[in-house]
Amino acid sequence: MGQGSNLFGIHGDALAIRSQRLALLASNIANAATPGYKARDLDFGKALDAATKDQGIDSRSVDRAVSGATGYRVPLQMALDGNTVELNTEQTKFAENAVQYRTTLSFLEGRISTVMTALRGE
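Heads up: the sequence shown begins at 3 in the numbering used here, then just goes up one per residue.
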């Protein structure tokens, strides 16, 4: 997307990154009992900075930014089977990110409503 490439600026990129983070956290939760599974997360700020610096016109800039900001989570205590998912941590991070996703989405819905009002000449 890139900050300068659309009407929504940074918020479009933020929504895409938050969406990908939700998927990553959901995967961690789903694999909480998988032996050897390594929990992953992404640094939202780092990903957003990288996405907004890339002025591409497609979603590949966000994908590259997310890829560069994704890493393995360091657990407080690793399970004996090598799994690093701490279910409480993952659930908390998922809930926080879901609220932030919804907030960004609400902002964009307001922006769209304003544009539609302007286009109708109201």
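Accuracy of the hints is not assured; some may be wrong.
[Said to hold, decoys possible] Derived DSSO-like pairs: lysine-lysine, alpha-carbon spacing no greater than 30 Å straight-line: (1) LYS95 <-> LYS48; (2) LYS40 <-> LYS95; (3) LYS55 <-> LYS95.
Read the hints as simulated data drawn from the structure, not as lab findings.
Which of the listed hints are broken here?
Checked against the structure, no hint fails, so every one of them is satisfied.
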